Structure formats: C-alpha cells, structure tokens
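**Q** Residues per chain are reported as follows:
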Amino acid sequence: MTGTAPAAGKAGTGEAPAAFLEVRDLKIHFPTDDGLVKSVDGLSFELERGRTLGIVGESGSGKSVTSLGVLGLHNKRNANVSGEIWLNGKELVGASQTEVRRLRGREMAMIFQDPLSSMHPFYTVGHQIIEAYRVHNDVSKQVARKHAIDMLGKVGIPKPDKRVDDYPHQFSGGMRQRAMIAMALSCDPELLIADEPTTALDVTVQAQILDLIRDLQQEFNSAVIMITHDLGVVAELADDILVMYAGRCVEYASVDNAFHQPLHPYTWGLLGSMPRLDRERSERLLPIVGSPPSLINVPSGCAFHPRCPYADLNDGKSTTERPELIELEPGHKAACHLPLDKRREIWTDEIRPKL
Amino acid sequence: MTSTGGNETVVSTVKAPADAARPVHEGETLLEVENLGKHFPVTAGLLRRQVAAVKAVDGVSFSVRKGETLGLVGESGCGKSTTGRMIMRLLDPSFGKIVFEGHDITKMSQGRLRPLRRDLQMIFQDPYSSLNPRKTVGAIVGAPFRLQNIEAKQGVKKAVQEILELVGLSPEHYNRYPHEFSGGQRQRIGIARTLALKPKLIVADEPVSALDVSVQAQVVNLLEDLQDELDLTYVVIAHDLSVVRHISDRVAVMYLGKIVEVADRADLYERPMHPYTNALLSAVPIPDPAERGARRRIRLQGDVPSPLDPPPACRFHTRCWKAQDICKQVEPPLVELSPGHQAACHFPENTTVSATDAVAKAAVAQAPAPADEPADPAE
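Line by line, the protein sequences give chains A and B. At the far end of the first sequence sits residue 348, using the working numbering, and the numbering has no gaps. At the far end of the second sequence sits residue 1157, using the working numbering, and the numbering has no gaps.
Since the hints were derived computationally from the structure, they do not count as laboratory data. Keep in mind that the hints are not guaranteed to be accurate.
Straight-line distance between alpha carbons at most 27 Å, and here's what the computed DSSO-like set of lysine-lysine pairs gives [as the list claims (entries may be wrong)]:
1) A:LYS20 / A:LYS83
2) A:LYS310 / A:LYS31
3) A:LYS152 / B:LYS913
4) B:LYS1100 / A:LYS152
5) B:LYS885 / B:LYS978
Bear in mind that the values here come from a model prediction, so they are computed numbers and not experimental data.
So that you can see chain A by itself, here it is in the shape it has in the complex:
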C-alpha cells in the first residue's frame, strides 16, 4: 500500500486515504433533454481488502452506475463524474483513460449481470479470457491458454481443456456466469465488483455461484463489492451493507446491524416487503407505498419522504431539508430526520414484530 497520508483524509482534501478503496462524494450526473439525471449524488464509502460490501437498492437507485463509475466505464462526453475514487493510493476520477485502462482488468474487474450479453458470441470463451490476460501480461498464447484452462477449472467448469474452445452459446447460464468469473479473476484483481451476479440464475445455481465467489475471495483476499436487490444474497455474503435510495446512501451498517437493528425507514420497508422462508408465513406483506422516484425530479428534502410512513413526525423537515448521513453508532450511519430514540422505538415496537 502506498497510501501514507493520515486516515482522517476528508473529501476534497485530495489526500490519499489509508483504505484500499475509498470513494468520496462521488457524483455521476447525466445531462439529458428532459433534465439532469442525478444517478449518483454524493456517495462515499470505504472498503478494505478481504472484505465484502453489499450495495442494496431498487432499480434506478444508482447502484450499477456507481460500479461503472468506479471502473471508469462512463463516457466523459455524456456523463459528468465528480468526486474522488481512490484505489490503492491512486486517484481514478482525474486519471487519464490509459491509466484507468491499465488498472481495469488487472486491479479491478467486474462480473456483469447477464453473462450472455456480456460475452462476445463470435469468439470462443477461451479466446476471450486469453485476450484479457494478454492485454495485461506479456506472455505467449500457449501460456495464456494454459492459464485460461486453469481458471476455468478453478471456477468449476468440467473438462476445462475441452470447454475452453466452446462458444458462449454452448454454455448453460450458470456455466457462462462461471466463465465470466474466470475472466474477471484471470489477472488476480484486488477489487472485484459483482453487479447482480446471480439475478439471472436459478436458485440452485445461484447457491453454487455465491459459494464460488466466497471461496475465491478467501483464496485471493480481494475486496468485493456485491450489488444486488436481493437482501438474501447480501445476508449470505456481505460484511457491510450500503443501502442506496435515489442516488444517495441512506444507511450504512455492518450486516448484523443492517438486519437486526436498521435505523432507516427505507431499510425497514425493504425488510418488510420480502416474503421470508425462515419465518412463519405472514398474512400480508408490508410493502412500501408508491414507486421509486424519477432521478430527474428527486423529491425535495429527504428523497424518501413521499413513501415514508413516518415523514409527518418531523415538523415538515422531511420535505424541506435533506438529512445528512450521520454516524449514530460506530460503523453505523443513517440519513434520517427522526430522532434516534424514536427510530429505535419504532423498530422494536412496530416493525420487528411484524417481520
């Protein structure tokens, strides 16, 4: 690690942080004909090696845009990216395209949601892994091919020496996702971003892939960002959880706190919306009213207030003032106007008994 600056580095200071990955006040806005789409609007988080961060939120909450932003995959011509992203002591937002490209694949890699559309149908699976490996490593084709076969074997594809010459369409959905993981891991990246890696898969295959990601993380000690809308998946895999709503973080907590004493009404809503197999069947689910907001017209004040059942308890502050993300307990942050005691009371008395 090259970062020698004090860990207390705050946003805007431009100092390298101690954490392996630190995102400070990241903003990604897209100017469109209809208005400015604020997909990510001031997001900050840290991640250490060997840890897994789960980013949870509904569609349109900015989770995928964040991950593409970390990888530098937004076209600067139609996206305004500001803020800082520090990876291993290097700042990425201001870095040149070539610099980011050199890091992408080698130090950070991504597993996409849909393995069929993210692999090239015209080239064999092996060809695509070999190509990615040779971009970053000066090796002969034979060596790269052997590496590709090793990686396919490692992610559990049977007969990797034969399957390496297959085309993506010859693989089943689960195997394609394994091949994607093999490709992402081929250069031993230290940061792995998995964007809904199991959403397109069946439960039995999902279980296999989650086990695989966990095993590989232990082996390579990489930092993993897991983006999903499925709270079950993050409960299985994540160490920390970041809940996003309308482009901002509304709650950040350890996985235990997030599930056992969440402090934001949106997190309560998410927990209440899920039918759960591990509980007695409830008569009714407790959905959040309304639907996620448009990112062009984000509601004033707290973006969640039109859907929040407790928005009236704050003397109108919810509609006028945006709550800041405040650290309420060590490692547990939430952005809500409700007094902390009141929130604890609502959670223990009203929400938890119904889950």
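Fit chain B to the given chain A structure using the hints.
**A** What follows is chain B alone, placed relative to chain A:
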C-alpha cells in the same frame, strides 16, 4: 377416508397412472389436468424431418379447486410456463387432457374456445412487452369487452374505470399510454385487463418477478385481495420459492417436465419429501446474517440435464445424492405418501412411509401397468 383414499389412489394408479395424481380433496374442481405433455419437434435438413423432440412437459397431472391458489415452481426450463400456456390453450398439447369446468378443452377449436376465454385469463411476466405501446390504458383494458361483444351496464368506459380503481390505479389514467407508467403500475394495468370480464381462473406466469421488491409486495397483496373479493382461482407460476409460499394454498414442484411433488403449502415447506424440493429450499438465501453457515445447504452438482434427452427413469437421479440403482431403472410414480402430499421418489424424506414402503408401492403401481395397458403414454 384418508387411509382408504390412499389405497384407492394406488389402485387407480394400476388402471390409469394419470389418475394417481388427483389428490383426494373436498371442494369443487375447477381445472383438471391429466397426463398433459408438450413435445416440441426439432427438425433438420431440407425436408424439415423431425430428428428429436424437446420434451418440455412430459405428462403432468394436477387439479385446481375453486378458490384456491396452486403454485407451480421449478427452475428455468422445467416446463412450468409451457404448462401454463397449455392450460390457456396458447400452445396445443401434444398429449393429455385439460378439463375446465367439466368441458374438455384439449382439442376445442379456437372458435368454440372463445366464449370460454372469458373465464380463463392470463397475467404475463413482463409488464413492458405485454402492453401495446400504441394503445391507451382505456383501450387495453377495454379490449376484452370489445372482443367478447359485451355491453357493460353503464358503458365500457365506466366499467374500465371501475376496474382501474379496483387494482389501485386512478380512473384518470384512462387516456394515458403505457410508457407513462412505472413497472408496478404497468403490471396493475395487465391485471386490470385480466380482470375485465371477471374470469374464474387466472394463470399468472411470473407475475412479480420483473418488479422491485417493494413493488413486488404491493402486487402480491393486490392479487390476494382480488382473490378474496372476486372469488378467483389462481395458478401462479414462479421460480421464487418465498413468493410462492406466500401466495399459494398448494404447491407443485416441477423438474424437467414432470411434477415431482405436490402438497399443501405448509406441508411442502415444512416437510418436503422429494430430494429436489429439499435442495431447492436449502438453496434459497435467507435474509438473516445470523443464519449464515448455520444452515445445511444441499449443493446440487451441475446443471439441469437437457430436455432433449432427459435421463431415464427418475429424471433427478443424475444430480441426486440419494440415487440408487433403482432410480436409474424404474421411474417413481407420483403417489400420495401422506394425506394430500404426493411425491415421486423412491427414497422420500420426512415421511412416515419408509423408503421400502414407497418402493413397494411404486413396484405395485409400476408392475401391472404395462401388462394391462401397454400403450399407455405415461409409461
């Protein structure tokens, strides 16, 4: 009743295996499916000769009683959607029988089927592609009235607006277009269209899987409210086991074109008998970090085999940890192992009927059948 019922089931199995799948229940049966199958031909060459068949659904039997919700679960490619589409006669079955309200609709012509369509409706998975983008909401929800030549009492517009209110939309939405709505609202429009003519049976194919969790819960609650209010019967096809548990009264689990287990909801989730059901349930991630690592997860190896060439006998034997030689030779019939709980397995779990009993039962069910009816398609 229950013990003799069990015996009867076995006896009837000897005569016609399809009957074995009919559970012994009180209540009026609305839909009866017997040994239903769909094989899609695979053709090759200039003459489009058939070289193989994708056995998408290969002999399923179940019944749906009035007012209940039957959940149909399974992994992708197990034939659950094909089954749903055959019930709707959107696909023509290759063999088997569909009886709706006492009418055999298996071979009914589209013309004669049309009046029945009023009672038989479908909710589709994708709210983005199942609504015509060039039609207003009023035209979409009003289409069933036009197609069936039904005069509503106070006019079609009023009737449509009432239905829109029923599904939680506002009557002012009548003149809007689908693109002006969010995914959850679109799904409500689809449900409104389905309900327009007050159908008796609704086949819902993955009604909530395209929606966000918070909105998913709204639609699940809506479906339940509508069922109470309008006395609807549902066949819900879904891959999400927790949603199916929430919404269904009875659940049928499918694997590679066959039903492997049917039971009441509580029974199936608390005492699953078929190893496949066990594996499916254990694979669902539980949203509770305290449970992490505490649960025994059954890790199935490999993928679902191709329905082009399904494994012989028990189709699950290639991935089953309990498989013995018999599983590769004799197909286990779907028999009732406890009241209202059927499973097709030689070595079921969670049952008082021991494995040997089940095998003996299976032997009884299997052995005479070929002698009596050698041409039975189920064999």
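**Q** Determine for every hint whether it applies to the structure shown.
**A** A quick look at each hint next to the structure:
Between A:LYS20 and A:LYS83 the CA atoms are separated by roughly 18 Å; this keeps the pair inside 27 Å, and the hint holds. For the suggested pair A:LYS310 and A:LYS31, the alpha carbons sit about 22 Å apart, so the restraint of at most 27 Å is met. Taking the CA atoms of A:LYS152 and B:LYS913, the gap is near 52 Å; set against the 27 Å cutoff, the hint is violated. The straight-line distance between the Cα atoms of B:LYS1100 and A:LYS152 is roughly 25 Å, inside the 27 Å bound, and the hint therefore holds.
A distance of roughly 20 Å separates the Cα atoms of B:LYS885 and B:LYS978; the hinted pair therefore holds under the 27 Å criterion.
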